[in-house]
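Once you've looked at the hints, dock chains B and C against the given chain A.
Chains as they are written, first to last, in our numbering: chain A, 4 to 108; chain B, 5 to 718; chain C, 2 to 524.
Derived by calculation from the structure, the hints in this document are not laboratory data. Quick reminder that beta carbons are idealized off the backbone N, C-alpha and C, glycines included. Possibly wrong hints are sitting among the right ones.
[As the list claims (entries may be wrong)] Computed footprint of chain B on chain C; a stretch qualifies when at least three of its residues, placed anywhere within it, have a C-beta under 8 Å from a C-beta of chain B:
# : segment
1 : 151-165
2 : 204-212
3 : 238-244
4 : 285-295
5 : 299-309
6 : 383-396
[Said to hold, decoys possible] A few chain B residues facing chain C, derived, Cβ under 8 Å:
#  : residue
7  : Thr309
8  : Arg669
9  : Leu672
10 : Leu676
11 : Leu678
12 : Val683
13 : Leu686
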Amino acid sequence: MNGIDPTNVQVLAAVLFALGVAVVLTRRNVFLLLMGVELMLNAVNLSFVGFSRELSGNESLWGQMTPLFIIAIAAAEACVGLAMVICIVRGRDTLDSDAFADMKE
Amino acid sequence: MKLTFELLWLIPFLPLLGAILNGALSLGSASSKRGPARGLVALLAVLAPGASFVITVLATCKLASHTEPGNTALVQPLWDWFAVAVPGFSFKLSAGLMFDHLTAMMLLFVTGIGTLIHLYSVGYMWEDRGFARFMAYMNFFMFSMIVLVIGDSLPMTFVGWEGVGLCSYLLIGFWHQNNEYNDAARKAFIVNRIGDLGFLLGAFMLFQVMSSNGQGSLNYRDISSWFQNFANADLITSHLGQIGAAGLLIFFGCTGKSAQIPLVTWLPDAMAGPTPVSALIHAATMVTSGVYLLARLCDLYAHATAPVLAGLTVSQVILLIGCITAVWGAIAGLLQVDIKKALAYSTVSQLGYMFMAAGVGAYDVALFHVFTHAFFKATLFLGAGSVIHGLHHEQDMRRMGGLTKLMPITHLWMFWAWFSIIGLPILGSGSFSKDLILDRLFDGASWTPIVGGVALATALVTAIYMSRVMYLTFWSPSRMSAETRAGVHESPLIMLIPISILGFGSMVVGWLWAPADFGVSHLVDNKSQHGIHFFNDWLAPVLGSAEHFTHQLLHPKGEGAAAEGGLSLYAMPALGSLAALIGWLIARAIWRGGRVQGPAEGEITGFSASWTWFFDRVYRVTVVIPVQVVAWILAWVVDAAIGGVVAGIAALARFMGDGYTSVQRPRLRSSLALSMAGVATLVAVLLLQGAFAWVVGLLGAGVAVLFLLLELFF
Amino acid sequence: MPPVDLFPLFLPLTLVIAGALIVLGFEPFLQRASKHRLLPWLAAILLVAAGAVQAGAPTGSLHGIFAMDTPRLWMCEAIIISTLIAIGGLQMSLARDDYPGGEAYSLSLFGAAGAMLMVMAVDTLALFVALELMSLSIYALVGMRRNRRESNEALFKYFVMGAVFSAIFLYGAALSYGATGSTAFGHPWRDEAHRGLFLFGQVLMLIGLLFKVGVVPFHFWTADAYTGAPVAVTGFMGAVVKVGGFAAIGTLWLNLAAVASGMPIPGVLDLGAAVTLNQTGKDLLAHYNLAFLVLGLLSLVLGNFSALKQTSIRRIIAFSSISHAGYMLLALALPIGEKLQLGSLWFYVVGYAIATAGALSAFTALAGKEDINDNLSGIAGQGRARPFYGLLLTIFLVSIAGVPPTVGFLGKYLIFQDLVVRGDVKIAIFAMIMAVVGAAYYFRTLVAVWAAPSCEPAKAGPPVLSGWVLAGAAVLTLVLIGWPNALIRPDPAGAANLGLSAPAAPAAEQAVLPTGLATAATR
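Looking at chain A on its own, in the form it has when it is part of the complex (with noise of 0.2 Å):
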């Protein structure tokens, strides 16, 4: 359908998927981890409607709806993360996320 095959599409999320998964390993900047967080829920988003697209009827349509639901959540989850982020920023004065390791053993 549309000349777009169902595969490239799972396999964009995969990549996209895996790249969010490195900037959360690899960046310090607080914030670059909340972006990296929403890379992966938005990976996952993209896979939710390409698999609707691959089946049909009723089971299309829950690929439709979760992803509504997935961007209400992520957008609490942001909520509470910038939040978090000015309490941080309140105490220590950076945005690196390596300062924040006091908590030993």
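Below, chains B and C without anything else, positioned relative to chain A:
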């Protein structure tokens, strides 16, 4: 036949509730200056066992109203505990209550006398700082004791068995500021625990025997019907050794709880606790639980007819142990100067009588003595407590005397209890039960009449030492200083009421079973049967089968049965009364002047002070010293090596702790990376099958370890 | 499972959420002091109502999205009780610290609602929403002391890792959806080509959930989040997250087992039911089994030995919670016979939740202002100064340690019994040794609690609510041991409602009580 009675659970539950509420009151007021509201505590503490007593009476009425032949019982299953299942073996344990004739009889006096002693304790402990705590312990003891007798299976009984042991420990060490008392408490607990081991092993062994035809159960009704079932006769014969061993082990448990040789040493020391405790736990109820258990398992003991120890059957072992303990306790009682210790040894001796009766298969007689003993010994202890209370915690009989006029009511009931314990007839319940025991002993086979002779001689000694106690306390010239004498007072009413009720009880309860009735029953109705047999008729549904079995073994040709009657009935009462009279006269001759052998003041040490001395020495030689020697060897020879090993283990634990906690990385990136390595490994292992998965898994773990090392060192 | 109406199924949940909203609505209009006097009681009343209603909740499934059965009912009750305990602890702690806001009560109710939904969810989408509702509330609770550095740090670590693993869970859900065409649990893969995709998705979902319950190697957040949170919150999250997480893991695992064994029409599985496995399914799941055992043992070793070294009570509890996740994971392992039944897991989870929430809530009373006494030397002798809470803490810790006569003992016993019956005797023995190692640090804590006092008794806020709730929970810890069968008995009705076409096992076999017997019988 099983009947249901919905209120049965309340009998143990109410004292438990009392214990919880009083415990909460005690804890809640721990930090307050005034302490708990004593009135409320007292009310709760006395009402709880009192209500249990009322329900027990109701249950007994219901039980008595069913007169069908056979073993009737009120039962109340509570819940399925849980099931043990390993391959080839399964066993379901359920918790339930059972109220049959034996339970009824035990519970009536446990809750009845218990309530009275609670009432007495209110007066005795009112001033004590730990009043609420004491009452909570007492209530919890009532709960445990009730569970012990109302439980429908050995595990349920064991729950109560442990509970009373615990309460005994808590109450002996109640005044825990005193280290000596703590040691006594610990001794009681440890000695009891040794006995408990026997209980458990015996129960397991019994279960194993019964499992041999797939009917393994620890429920009392199942156990007795298993032994009574003729179909199991061959099985019983082929397992006689095991059955005997099980019986012996359980009896060993009973010696712990009932302070028989060899586990006797704790009871005299246990007198460290407050006097109501001695009355309730160490005279009237807990120490009789050993006899209860023997009676409960009477079918087991009746069928254990093979020699298990030095050519003796279990019952013969019980008989001998009881006999030795009775003699030993009586002689030890002669030498005490502490009034409570004298009574404690007397308890040991009387328990010996009960075990003698159980040893010849006369379980109903044993229980009858339990019953009468509970009355007169509780009276004696409460009276002694009243004396101690009146003399401001003086327990040494060398500093008493002449109290008859000063404490008339206490003396009155102490007198009747004395009358009962030494075995004077008609108005002493002890004479009825003791004469029955003597009768059964003389009636027995081969050498049991010799034991009967020893028991009769012991009755004489009993009369001597009990009269000694009465002379030294009441009937001799006062040896108190003038100011002590001025301070002596009769106890408050709340203590005198229980003493009076129990003392009156000890005068009359013997008439529940009076084969030698002195013509009384003929006055009431002119039956052909001799005497009053209410007590043994009541217990017959539970004990009858086992006693019949034993009787058949003793008198295979049917002789001897129902030979009672006429003059022979009065032979034992006459002999017993004679012994009591002679004993009394001997005591009168020696102690009328109030002279006490031994030093007039200070601690008495050695053999004459504590007759557990001998057993303490035996334990010392056989247990403590070897342990000390081994410890010495360990200390000097192996210490270095052990120390090295211990240090090594500690170091290893620390090293491992360090190692494992070093996995805990403080930086988010590091821990996230480790987690991701875990994710990758797990995905690979789970999705790739076969050897390849292992390679990938190890690879992933290797990467994680490598990463960790890099993190740690660079 | 029979269909069930929306209203009776969700009534307890509605009460909990209504409580959260009412508390949230009242909060701004109250004086600071009266916030901690009024709001906890409001929350507690609604929770008690929810608990009462929950006890009579109907069993069945709602449109194949949510379900209720006996184990789920017990777990929901455990969540409600744990939350009630936590509210009592929070009240003591926040009133003592004169904390300026009352949002914590509302947040814990939302967290409880999320956990209850997790327990009831039988659909990945529903599960995800529930998981996030619970997680977001708990993130906020962990970071509640906004001006404390370690609190912020704990929140940061927990939040970022949590978000990443939520994404992993979701990706797994997406892949499973692609492979089955449904977000519901228990759908088989569409065709053989999609089997690998399905399994991949299931593994990712499983990992996301294993993270939530803190299994090695996904446990790194545990120690920091537990330590950074206020003590009362630590108990709450320790209890509620474990219940929700293991309910979800159990649901997933039972469904996976049924699907892998090729049971044709997926219905909604009763958590108390015994799932019938065949050889195909067992082969397919053999590696999962192994993974559970390996991860379980790793968690046991790492959790216990790390805890030995700690001096902070919260950190001890954190590492001990890792080890307990290990025990629970061992309870998931496959049987030798054909029946997979998770009764011992449910019993363990329920007992553990109540005891953990209770222990930390009781500890709150001893912990002092801003939880300053949170180490073994700080708590020394506090039990003597406040014997009531000391005694409660003792009961709960003894239960967590698994010493009779507490519910924790029976939980461990049942799991070990299952292991032995299954033939994993060595693992059972190893787990028992680890339980002994674990007992060492619990008793070390208790010795400190009852040691000679070294400092002043800790102050605490109004103790009425927490006192009553904790005493009730302590009684529950002691008496629940009497009714294990309520959870470990395979519900005959539930088994019949599997919706599986395989012939149902004979009734006699299902009436048999523990899982052990069933497997022993089939051997």
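(request) Determine which of the earlier numbered hints do not hold for this structure and return their numbers in increasing order. (result) Hint check: 3, 7 fail, others pass.
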